[in-house]
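Trainee: Spelled out, the chains give:
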Amino acid sequence: MANPTVVLEFEKPIVELEKKILEMREFAQGESIELTREIESLERKLDKLTREIYSGLSRWQRVQLARHPRRPYTLDYIEHLTEGFVELHGDRGFADDKAVVCGPAFFRGRKVMIIGQQKGRDTKTKLYRNFGMMHPEGYRKALRMMKLAEKFDLPVLIFIDTPGAFPGLGAEERGQAEAIAKNIKEMARLRVPIVISIIGEGASGGALGIGVGDVILMMENSWYSVISPEGCAAILWRDSAKAPDAAEALRLASGDLLQLNVIDSIVPEPSGGAHRDHKGAAETLGAAIEEVLGSLLGLSTEDLLQRRLEKFRNMGVFYHA
Amino acid sequence: MVEWFHKSTEGLISQTKKDIPEGLWTKCPECGEVIYIKALEKNLNTCGQCNYHFKLASTEYIRLILDDGKLETYDTGLISGDPLEFKDSKKYPDRIRMAQKSTGQNDAVLSGIGRIEGKEISFAIMDFSFIGGSMGSVVGEMIARTIERATMRRIPLVIVSCSGGARMQEGILSLMQMAKTSALLARFDEVHKPFISVLTNPTTAGVMASYASLGDVIVAEPKALLGFAGKRVIQQTIGAELPPGFQSSEFFLEHGFLDKIVHRRDLKGTISVLIDYFNQS
Numbered sequence: 001m002a003n004p005t006v007v008l009e010f011e012k013p014i015v016e017l018e019k020k021i022l023e024m025r026e027f028a029q030g031e032s033i034e035l036t037r038e039i040e041s042l043e044r045k046l047d048k049l050t051r052e053i054y055s056g057l058s059r060w061q062r063v064q065l066a067r068h069p070r071r072p073y074t075l076d077y078i079e080h081l082t083e084g085f086v087e088l089h090g091d092r093g094f095a096d097d098k099a100v101v102c103g104p105a106f107f108r109g110r111k112v113m114i115i116g117q118q119k120g121r122d123t124k125t126k127l128y129r130n131f132g133m134m135h136p137e138g139y140r141k142a143l144r145m146m147k148l149a150e151k152f153d154l155p156v157l158i159f160i161d162t163p164g165a166f167p168g169l170g171a172e173e174r175g176q177a178e179a180i181a182k183n184i185k186e187m188a189r190l191r192v193p194i195v196i197s198i199i200g201e202g203a204s205g206g207a208l209g210i211g212v213g214d215v216i217l218m219m220e221n222s223w224y225s226v227i228s229p230e231g232c233a234a235i236l237w238r239d240s241a242k243a244p245d246a247a248e249a250l251r252l253a254s255g256d257l258l259q260l261n262v263i264d265s266i267v268p269e270p271s272g273g274a275h276r277d278h279k280g281a282a283e284t285l286g287a288a289i290e291e292v293l294g295s296l297l298g299l300s301t302e303d304l305l306q307r308r309l310e311k312f313r314n315m316g317v318f319y320h321a
Numbered sequence: 322m323v324e325w326f327h328k329s330t331e332g333l334i335s336q337t338k339k340d341i342p343e344g345l346w347t348k349c350p351e352c353g354e355v356i357y358i359k360a361l362e363k364n365l366n367t368c369g370q371c372n373y374h375f376k377l378a379s380t381e382y383i384r385l386i387l388d389d390g391k392l393e394t395y396d397t398g399l400i401s402g403d404p405l406e407f408k409d410s411k412k413y414p415d416r417i418r419m420a421q422k423s424t425g426q427n428d429a430v431l432s433g434i435g436r437i438e439g440k441e442i443s444f445a446i447m448d449f450s451f452i453g454g455s456m457g458s459v460v461g462e463m464i465a466r467t468i469e470r471a472t473m474r475r476i477p478l479v480i481v482s483c484s485g486g487a488r489m490q491e492g493i494l495s496l497m498q499m500a501k502t503s504a505l506l507a508r509f510d511e512v513h514k515p516f517i518s519v520l521t522n523p524t525t526a527g528v529m530a531s532y533a534s535l536g537d538v539i540v541a542e543p544k545a546l547l548g549f550a551g552k553r554v555i556q557q558t559i560g561a562e563l564p565p566g567f568q569s570s571e572f573f574l575e576h577g578f579l580d581k582i583v584h585r586r587d588l589k590g591t592i593s594v595l596i597d598y599f600n601q602s
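Protein chains in written order, with this note's numbering: chain A, 1 to 321; chain B, 322 to 602.
Mixed in with the good hints there might be a few duds.
[As the list claims (entries may be wrong)] Pairs of lysine-lysine, DSS-like flavour, derived with a Cα cap of 27 Å:
| hint | chain 1 | residue 1 | chain 2 | residue 2 |
| --- | --- | --- | --- | --- |
| 1 | A | K242 | B | K411 |
| 2 | A | K19 | A | K279 |
| 3 | B | K408 | B | K359 |
| 4 | B | K552 | A | K98 |
| 5 | A | K242 | B | K408 |
| 6 | A | K126 | B | K552 |
| 7 | A | K111 | A | K98 |
| 8 | A | K242 | B | K552 |
| 9 | B | K359 | A | K242 |
| 10 | B | K552 | B | K581 |
Note that these hints are calculated values from the structure, not bench results.
Owing to the predicted nature of the structure, the values given are computational and were not obtained by experimental measurement.
Take the sequences, apply the hints, and build the full model.
Mentor: Put into structure tokens, the structure is as follows:
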């Protein structure tokens with residue numbers, strides 16, 4: 001359930017109604033039929049309200065949901081979706097980047113390689129995970145794991161959730177651009193299926209650096225764009241407070257990306273958002289991954305790679321003068 | 322080398338040098354040297370004092386490195402769509418039209434087939450004066466086709482980059498051009514022909530984090546701004562001043578992400594020699 005200390009503005013009516021229902025339940029203790037009826041009616045109202053609010057979310061509201069501090073992260077999906085996960089560390093060159101979590105696991109009876117960006121929930125773990133912002137060694141660690149998967153014929157499941165590749169001194173010194181570029185190229189020709197799931201934030205090159213694959217799934221309330229709404233607002237209007245406007249202009253929501261043919265499908269979230277039901281969110285995403293993985297595993301490697309190339313080859317909108 | 326510079330470029334639209342203010346003299350932004358403009362032009366738009374390379378219009382760059390200053394251009398009819406219906410102070414299609422008018426180009430790339438010391442190459446050059454050389458669908462498509470031409474004809478590939486990164490006005494689709502171009506470079510590897518990536522001032526963000534970083538050999542002009550993140554963003558993140566020379570060609574070379582820094586006047590010769598070494602017949 002939602003952490004009561006973290007309630008987004010548009011969630012307030014829902015949370016208040018929930019509180020009221022809870023109070024009445026405690027008061028009634030199943031004794032009064034009258035109250036039970038009242039509670040049932042309120043629950044119907046809650047259901048309707050939730051559906052109303054969530055069907056009309058603005059892009060900025062979805063960005064807020066994507067960033068919700070209770071939103072399920074990669075490790076939550078690993079917990080709910082896999083068994084026997086063994087985390088493997090390091091890029092064998094410089095360091096172990098904690099903003100990305102990698103390792104083999106069993107997914108619905110099948111051996112897979114998991115790679116996912118990881119955020120923290122409290123100050124300490126947020127710092128430990130560097131807010132989900134990878135350094136070059138993170139991209140190199142991810143690539144090492146992909147090569148490992150290729151060598152031993154494991155499909156790769158990738159979870160994207162990052163506010164961006166880390167913009168710092170060390171990141172530039174160690175070649176952030178090269179690391180991302182190399183991953184994009186190598187992922188285009190990795191000889192095993194790659195299923196990408198965008199589970200929260202998909203910010204620019206930081207996301208794309210582990211974002212090339214055969215199928216791209218996107219959780220309903222995630223965002224994916226060339227720049228964060230704040231970054232875009234700072235450039236366009238020299239004011240990052242205009243992020244809500246930038247979110248609209250960028251068309252970064254799951255529905256937009258489906259329309260632009262960048263993603264393959266939207267994974268619906270539980271009523272009220274993934275943060276309100278981790279297990280339910282994982283269940284739906286797991287079913288979607290299982291379905292696409294099954295069909296990808298039926299393809300020959302040559303077909304797989306040809307389709308992957310064509311998928312990205314065809315992206316873009318232009319015309320002939 | 323100066324001769325190429327003055328050769329006419331038939332079939333190419335000429336362009337004004339935006340970087341250099343009107344008048345007889347200009348000041349080097351790197352070392353402050355006051356330079357006589359005629360002398361600057363004679364020196365291929367580089368500072369004789371500190372080697373700073375002023376921007377050179379892509380048409381002039383073509384004169385500098387391609388035989389007879391000739392590029393058989395392709396794909397000049399590709400025009401950007403407006404998939405997001407993006408509007409800030411201007412509508413995106415208006416922004417494109419203005420850039421087309423001022424540069425005489427369809428978008429931020431000129432591409433096609435040319436020769437370097439007799440060797441046929443597939444070539445593309447980016448132009449910063451077209452919306453900061455930013456990469457949208459058209460730039461991505463033109464670079465993609467440049468790579469495909471090199472792959473199909475089995476000839477070397479040379480791309481001269483100059484870009485602030487992905488074009489924000491096309492949102493996620495401009496990000497996907499990084500994937501499109503890089504995926505085609507993976508395919509180009511199969512024909513075993515060299516890709517020489519030339520970095521000029523500036524090459525950053527989405528272009529740096531895709532094809533510009535993927536050359537078999539990567540060379541850069543001296544003192545170019547090269548990097549992933551913007552300086553202001555990094556400054557805000559670390560809360561301190563950036564060290565001098567940060568994100569320059571020299572910084573890239575020092576940290577192992579660049580093969581060579583090459584003065585403009587030596588660029589054609591260097592590319593030619595490298596192609597000879599790596600080109601298998």
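Trainee: For each hint, tell me whether it holds in the structure or not.
Mentor: Verification of the hints:
1. A:K242 with B:K411: holds (17 Å)
2. A:K19 with A:K279: Holds - the C-alpha atoms of K279 (chain A) and K19 (chain A) are around 22 Å apart, at most 27 Å.
3. B:K408 with B:K359: Given that 27 Å is the threshold and the Cα spacing comes to 41 Å, the pair is violated.
4. B:K552 with A:K98: holds (25 Å)
5. A:K242 with B:K408: Satisfied, since the Cα-Cα distance of roughly 14 Å is no more than 27 Å.
6. A:K126 with B:K552: holds (24 Å)
7. A:K111 with A:K98: holds (23 Å)
8. A:K242 with B:K552: holds (21 Å)
9. B:K359 with A:K242: violated (46 Å)
10. B:K552 with B:K581: Holds, because 23 Å separates the two Cα atoms, which is no more than 27 Å.
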